[in-house]
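Asker: What follows is the residue order along each chain.
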Amino acid sequence: MALKIAVCIKQISDPEYFSQITLDPVTGSIQRDKVPAILNPLDENALEEGLRIKEKYEGSKLTVVTMGPPPAREVLDWGLALGADEAVFLSDRAFAGADTLATAYTLAEYMGKMGNPDIIICGNMTEDGATGQVAPQLAELLNIPHVTSVSEVEFIDEATIVAKQNIEYGGYLKVQVQLPALIAVVKEINEVRDVTAEGLMDAFDKDFTTLGAAELEADPDLIGNAGSPTKVVGTFKQEIDRQKEILSGSVQELAQKVREKLSEANIL
Amino acid sequence: MSTNSEVWVWAEQRNGKLMDVSLQTLGKALELSQDINGRVAAVLIGDDAGALAEELVSYGAEKVYLVADAQLKNYQSNAYTRIISELIEQYQPEMMLFGANIIGMDLAPAVAARVRTGLTAHCSDLKMETIDGKSQLVATIPGFSGGMIVKISWDEKRPCMATLSSGAAEKPEPDQSRQGEIITVDYQATEEDLKIQTMEMVEKQPAATPVEGAAIVVSGGKGIKSEDDVKLIQELADVLGAAVGGTRPARDAQWVVEDNLIGSSGKTVSPKLFISIGASGAAHYSCGFQKAKYVIAIDKDPQAPIFEVCDLGIQADLNEIVPALIEALKTT
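Residue numbers (our numbering), protein chains in the order written: chain S, 1 to 268; chain Y, 1 to 332.
Please note that a few of the clues may not be correct.
[Unchecked claim] A few chain Y residues that face chain S, going by a derived Cβ cut-off under 10 Å, partial list only:
{"id": "1", "residue": "Asn101"}
{"id": "2", "residue": "Arg114"}
{"id": "3", "residue": "Thr117"}
{"id": "4", "residue": "Met148"}
{"id": "5", "residue": "Asp155"}
{"id": "6", "residue": "Thr163"}
{"id": "7", "residue": "Gln197"}
{"id": "8", "residue": "Pro210"}
{"id": "9", "residue": "Ser265"}
{"id": "10", "residue": "Leu273"}
{"id": "11", "residue": "Ala283"}
{"id": "12", "residue": "Glu308"}
{"id": "13", "residue": "Pro323"}
[As the list claims (entries may be wrong)] No farther apart than 20 Å at their CA atoms in a straight line, the calculated lysine to aspartate or glutamate pairs in the EDC-like style are these:
{"id": "14", "chain 1": "S", "residue 1": "Lys261", "chain 2": "Y", "residue 2": "Glu308"}
{"id": "15", "chain 1": "Y", "residue 1": "Lys151", "chain 2": "S", "residue 2": "Glu239"}
{"id": "16", "chain 1": "S", "residue 1": "Lys56", "chain 2": "S", "residue 2": "Glu154"}
{"id": "17", "chain 1": "S", "residue 1": "Lys231", "chain 2": "Y", "residue 2": "Asp125"}
{"id": "18", "chain 1": "Y", "residue 1": "Lys293", "chain 2": "S", "residue 2": "Glu264"}
{"id": "19", "chain 1": "S", "residue 1": "Lys187", "chain 2": "Y", "residue 2": "Asp259"}
{"id": "20", "chain 1": "Y", "residue 1": "Lys293", "chain 2": "S", "residue 2": "Asp241"}
{"id": "21", "chain 1": "Y", "residue 1": "Lys171", "chain 2": "Y", "residue 2": "Glu31"}
{"id": "22", "chain 1": "Y", "residue 1": "Lys17", "chain 2": "Y", "residue 2": "Asp47"}
{"id": "23", "chain 1": "Y", "residue 1": "Lys157", "chain 2": "S", "residue 2": "Asp219"}
{"id": "24", "chain 1": "S", "residue 1": "Lys164", "chain 2": "Y", "residue 2": "Glu258"}
{"id": "25", "chain 1": "Y", "residue 1": "Lys272", "chain 2": "Y", "residue 2": "Asp311"}
{"id": "26", "chain 1": "Y", "residue 1": "Lys204", "chain 2": "S", "residue 2": "Glu152"}
{"id": "27", "chain 1": "S", "residue 1": "Lys4", "chain 2": "S", "residue 2": "Glu55"}
{"id": "28", "chain 1": "S", "residue 1": "Lys231", "chain 2": "Y", "residue 2": "Glu129"}
{"id": "29", "chain 1": "S", "residue 1": "Lys231", "chain 2": "Y", "residue 2": "Glu94"}
[What the hints assert, rightly or not] If you want a taste of the chain S side facing chain Y, the calculated C-beta under 10 Å gives, among others:
{"id": "30", "residue": "Thr230"}
{"id": "31", "residue": "Ile240"}
{"id": "32", "residue": "Ala255"}
In short, the hints are calculated from the structure, not lab data. Just so we're clear, the structure is a prediction, and the values are computed from it rather than from any experiment. All C-beta atoms in this analysis are idealised placements derived from N, C-alpha and C, irrespective of residue type, glycine included.
Produce the entire structure from the sequences given, and follow the hints as far as they go.
Answerer: Structure below.
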């Protein structure tokens, strides 16, 4: 059985540098130009799972998709180097300012009109926004079932999968799903591979398609800022007001002081 | 705002038990309903859930929309999405809140997409605020791993939907004398519903004392290297009756369970005492304990940012200071 597989990925600011993100003192907008960009870590697991399915079912085709500003195309090159067959880049100024619903709508416009995948794979959440909302919303707009927090996926036949959905404290659900469907995966699902020199060379010859709002024939009222029912009304640097009292002395003295402090503060 | 506005809460049950985060969310809904002069209603889906509907009333729900059917015992993604979306279309609530646990985060986005309304994730607070002369719901969300606070509001579409983080609100006190209306809603499975079916649910108990709700949390970072270090942390926690949490490196080293990971990708805690040991204090970690009443930080590196977010800082080797602390605190 040959499957059409789509993997949605996203370029994000490297979480290691989140503390360097600042606010413009005048406009209040977020400044992250000095922060390096990376592929969202869980999206690597999504790609890996897509590649494994493609390798298992001969004739399958894997399309890697992202939406983002021009620099975001880098993550698609990476996907192609890892083994994706083609890349689709949804990029247009009109997509800017999208919340999760407008993002899901834009992805769904591509998937529904041109992609028609049997299975869509996403990372369970990105480390920047961390909402985890785009994947289930994309599935919903395509009117296909979804499972998030997936740590195992097994094909029962060409139209049915069983997914293990992790829940709290190591519990899980076993969910049987009819394809086409979307799964959003967690880290435990697999160990990701490295890019090979050969993969990098091959990537140059693969199809890379850039699509804007016009090519998608997207409804202008449903994309970008205009299509976003939630609005950011303020962004603040997190200020934590603490006493910041630094103790000194011998270890025994320090321990006694801690004890005194905790009694004073009525904690112990 | 009209006095008939309803604030809805999805009351999640697993194996016939209401989830704590749902009750906390109900607590937040009660606050908001007072602010808008509205009423709180819970949506409860399960198999034999009548007793739980009464329980929700005792926690303050003025109305419970009860959908009970054997097929709905466990979470069924398509069926639950359809049931809630249809109820929303029929009754038009002003707001709808979900607990931000794994199943809540699977369900809420699908419902929001189906009714085409706005949804904000992992809110640490929800409040009515006046913006441009209008009273509006505003969500507070930790962004960029907690280094930033982002405030989000909704456009004119209703309901305003949000998922609320565990620990962000308090569970109300139950009162058996409360009265409420229970509205029973029939369920008939559709072909669409059956495209996705939960075959089995396995619930597990926490492997360690959960950090959420603990009065004292002892938390470690990558400075905890050896098995002896781990023992020290555990011993200190035992002396204090504390839960043990940690940073991502601690989780990766597997001496802290995934469920007790502190920070933006884990738990937000609000204990009366938080002791951080051997963690430098990256923003994605420290946002997890910003609601703690009192924070003690122990780290070798005097430059560590953890000392900027603590009440009491101790620059010392954990192998020396922790045993001394255990001794000093044992006798309290």
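Asker: Compare the structure with each hint and give your call.
Answerer: Hint by hint, here is what the structure shows:
no. : hint                : in the structure
1   : Asn101              : holds (6 Å)
2   : Arg114              : holds (6 Å)
3   : Thr117              : holds (6 Å)
4   : Met148              : holds (6 Å)
5   : Asp155              : holds (5 Å)
6   : Thr163              : holds (9 Å)
7   : Gln197              : holds (5 Å)
8   : Pro210              : holds (8 Å)
9   : Ser265              : holds (7 Å)
10  : Leu273              : holds (5 Å)
11  : Ala283              : holds (5 Å)
12  : Glu308              : holds (7 Å)
13  : Pro323              : holds (8 Å)
14  : S:Lys261 - Y:Glu308 : holds (18 Å)
15  : Y:Lys151 - S:Glu239 : holds (15 Å)
16  : S:Lys56 - S:Glu154  : holds (11 Å)
17  : S:Lys231 - Y:Asp125 : holds (16 Å)
18  : Y:Lys293 - S:Glu264 : holds (13 Å)
19  : S:Lys187 - Y:Asp259 : holds (15 Å)
20  : Y:Lys293 - S:Asp241 : holds (11 Å)
21  : Y:Lys171 - Y:Glu31  : holds (11 Å)
22  : Y:Lys17 - Y:Asp47   : holds (12 Å)
23  : Y:Lys157 - S:Asp219 : holds (18 Å)
24  : S:Lys164 - Y:Glu258 : holds (17 Å)
25  : Y:Lys272 - Y:Asp311 : holds (12 Å)
26  : Y:Lys204 - S:Glu152 : holds (18 Å)
27  : S:Lys4 - S:Glu55    : holds (12 Å)
28  : S:Lys231 - Y:Glu129 : holds (14 Å)
29  : S:Lys231 - Y:Glu94  : holds (17 Å)
30  : Thr230              : holds (4 Å)
31  : Ile240              : holds (5 Å)
32  : Ala255              : holds (4 Å)
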